[in-house]
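**Q** Each chain, letter by letter, is given below.
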Amino acid sequence: MKRYSLSSIFTEAFKDNLGWEKAWTKGQPKKEYQIIIVGGGGHGLATAYYLAKNFNVTDIAVIEKGWIGGGNTGRNTTIIRSNYLQESSIGIYEKSRSLYETLSQDLNYNIMFSPRGVLMLCQTEHELRAMKRTSHANRINGVDTKMVAPEEVKEIVPIININGPRFPVLGALWQPRGGTARHDAVAWGYARKCSDFGIDIIEQCEVIGVKKKREKIVGVETTKGNIKAKKVCFVAAGHSSVLADLAGFRLPIESVALQALVSEPIKPIIDCVVMANTVHGYLSQSDKGELVIGGGADGYNNYSQRGSFLHVEETVRALVETFPVISRLRQLRQWGGIVDMTGDRSPIISKTPVDGLYINCGWGTGGFKAIPGSGWATAEMIYNEQPGKLASPFSIDRFSEGRLIDESAAAAVAH
Amino acid sequence: MLNIYCPICQRDCDETELSCGGQAHLIRRDHASSDKNFYEYLYERKNDKGIIFERWRHVYGCGKWFHTARCTLTNQVFGSYSAKEVQPPKSILATIRRSRVDFKGWVK
Ligand SMILES: Cc1cc2nc3c(=O)[nH]c(=O)nc-3n(C[C@H](O)[C@H](O)[C@H](O)COP(=O)(O)OP(=O)(O)OC[C@H]3O[C@@H](n4cnc5c(N)ncnc54)[C@H](O)[C@@H]3O)c2cc1C
Ligand SMILES: [Zn+2]
Chain A
604 MKRYSLSSIF TEAFKDNLGW EKAWTKGQPK KEYQIIIVGG GGHGLATAYY
654 LAKNFNVTDI AVIEKGWIGG GNTGRNTTII RSNYLQESSI GIYEKSRSLY
704 ETLSQDLNYN IMFSPRGVLM LCQTEHELRA MKRTSHANRI NGVDTKMVAP
754 EEVKEIVPII NINGPRFPVL GALWQPRGGT ARHDAVAWGY ARKCSDFGID
804 IIEQCEVIGV KKKREKIVGV ETTKGNIKAK KVCFVAAGHS SVLADLAGFR
854 LPIESVALQA LVSEPIKPII DCVVMANTVH GYLSQSDKGE LVIGGGADGY
904 NNYSQRGSFL HVEETVRALV ETFPVISRLR QLRQWGGIVD MTGDRSPIIS
954 KTPVDGLYIN CGWGTGGFKA IPGSGWATAE MIYNEQPGKL ASPFSIDRFS
1004 EGRLIDESAA AAVAH
Chain B
659 MLNIYCPICQ RDCDETELSC GGQAHLIRRD HASSDKNFYE YLYERKNDKG
709 IIFERWRHVY GCGKWFHTAR CTLTNQVFGS YSAKEVQPPK SILATIRRSR
759 VDFKGWVK
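First to last, the protein sequences are chains A and B.
Heads up: the first sequence runs through residues 604 to 1018, numbered per the working numbering.
Heads up: the second sequence runs through residues 659 to 766, numbered per the working numbering.
Keep in mind that a hint or two might mislead.
Calculated pairs, DMTMM-like style, for lysine to aspartate or glutamate (alpha carbon to alpha carbon, straight line, at most 20 Å) [stated by the list, open to error]:
| id | chain 1 | residue 1 | chain 2 | residue 2 |
| --- | --- | --- | --- | --- |
| 1 | B | K704 | A | D848 |
| 2 | B | K694 | A | E1004 |
| 3 | B | K694 | A | D1000 |
| 4 | B | K694 | A | D848 |
| 5 | A | K954 | B | D693 |
| 6 | A | K834 | A | E818 |
| 7 | B | K704 | A | D1000 |
| 8 | A | K668 | B | D706 |
| 9 | B | K762 | A | D848 |
These are calculated hints, taken from the structure and not from any lab test.
Computed from a predicted structure; not experimentally measured.
Same shape as in the complex, but just chain B:
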């Protein structure tokens, strides 16, 4: 079972307390945007096999959203950070690099 840190409650949570909200750092579009932009926001996903950055919600806890870095192949979790961040913070990227030397960094 996944065990993910909630940065708001500041404790580890079981998968059963959480709900996943999919790819993080999507660019939200307003109603004047093109069909292509809406498609990217609503449906198109990176869906990487490897390190991903995703949204989680602590549904059976504080109810708040936060972001997490995880490997989709091994399910290793590299840590969580605030949902207010517009891109993964340096500290998380450094943690990932420590165990994955070939990690190329975050791609939009």
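Excised from the complex, chain A in its bound form:
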């Protein structure tokens, strides 16, 4: 693989840009692999990458039914933050955020990480109290956040209306090191490096069956034939239950549609990310000038990747009250993704009832920010055949053992 650098851009410019290679090789399945990762989203690719980088395992195939990053990884609003309440969540999300800081250099691919700051508004007394608690939890665990007063909120985001009338801004939790990154680039950057390590990236290939011998995994059946493997990991977000069904077990997961939209592009008006959890809306501005807007998920199970109109309306209505300046903007695009929601709104990184089969899912509405950390922890689990420190709180057993990781209060909105 040729490295991307200033000199490569310079030399290519004089060669009509004809010398660029394909970022990754389109793989065809071999008969057998040591490890198969099912799902070519960010989490699947990152898992393969850290298996190669941290553990020197490269006999891996990443199998994707569509195209790389065509799932939620290419459909999200790219918010990155780690201001969670529980220690276990802080562990993995802060690991992830810190990996993002140097990911462009690590992957030799510009993922456009932009630590522009994330502001979580408090618009009720209860929310203010909950956020204060979160900020203390953050401080204890070494996550750099602080509470800011309404006047300071107005200074950070001049277009905001802090006076209500329904939901005046009473304060905010500010994480200056949070921000955004280019979602496609994260998927493509990992795919390129995986390919460079010799990992096969097999697109347009759907897993349609699971091969077991006495409750031990021996391979998968795909639309491109059967492939043997010693270990398999499902990393399929909204389709995790469908895959688990093929393997003969059920998950504590429900799939729902979550939507986002962008406005027409305008001049820069906001230079950080603002989340308004009480009214269910959040906002940032892309480099192209579009306002990137997201809201709540549909209230019923759904695989239609479209979502209901009423949620778009609800989200926009809420944001117009907080940001009156956006009221006349037109919507440019809208889309949906199928997110995998667990009972406690925290992810699953776990072994399964089938020996040799692992699963990474349940990131729901907020797993883009977790891609590097989750891949790191999942690779560690697959290699050692048991979860390490980062992953172990997130096993499936927690639901029957009553060890829930209750983040729903801390992350009341979808992001």
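On the provided structure of chain A, position chain B with the ligands as indicated by the hints.
**A** For chain B with the ligands alone, coordinates are given in the frame of chain A:
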């Protein structure tokens, strides 16, 4: 927008009048049950891509619960029935079969 029939009010309702209560026909467990049984009741879900049977509540109407059959991929609704039923009635299963020849029936 979803349009679902409320068998109590006997009329079609918009999604905005309703609230979804998730998978229907779960077996309710008493306090003496095992951890596994409680897990199944509280968290484990079929989450099928295709036909599902689910609970809905007519919150901005009669306030009552009922059951509905719906396809999670196309959002086609096949009809509603009483919340007292312990499994989907034959008439609903027949309606589903008329438009989905490969429908395998209800699985617990
Ligand atoms: C509208 C929206 C906004 C969001 N906003 C944010 C945000 O601001 N910040 C944040 O942190 N998170 C956000 N998220 C959540 C985030 O996008 C996801 O948690 C994350 O991208 C999940 O990554 P993944 O790799 O697990 O899943 P995906 O990217 O969905 O990848 C799973 C892949 O598995 C493939 N697959 C499925 N079944 C099979 C099969 N049988 N065989 C082969 N392949 C299969 C799919 O095609 C897919 O490509 C948002 C999500 C949505 C939908
Ligand atoms: Zn009614």
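**Q** Taking the hints in turn, state whether each one holds.
**A** Status of the hints after comparison with the structure:
1. B:K704 with A:D848: holds, 8 Å
2. B:K694 with A:E1004: Given pair B:K694, A:E1004 holds - Cα atoms ~9 Å apart, limit 20 Å.
3. B:K694 with A:D1000: holds, 10 Å
4. B:K694 with A:D848: holds, 18 Å
5. A:K954 with B:D693: holds, 19 Å
6. A:K834 with A:E818: At roughly 13 Å apart (the allowed maximum being 20 Å), A:E818 and A:K834 satisfy the hint.
7. B:K704 with A:D1000: holds, 17 Å
8. A:K668 with B:D706: Between A:K668 and B:D706 the Cα gap is close to 18 Å, so the pair holds against 20 Å.
9. B:K762 with A:D848: Given that 20 Å is the threshold and the Cα spacing comes to 15 Å, the pair holds.
Violated hints: none; the structure is consistent with every hint.
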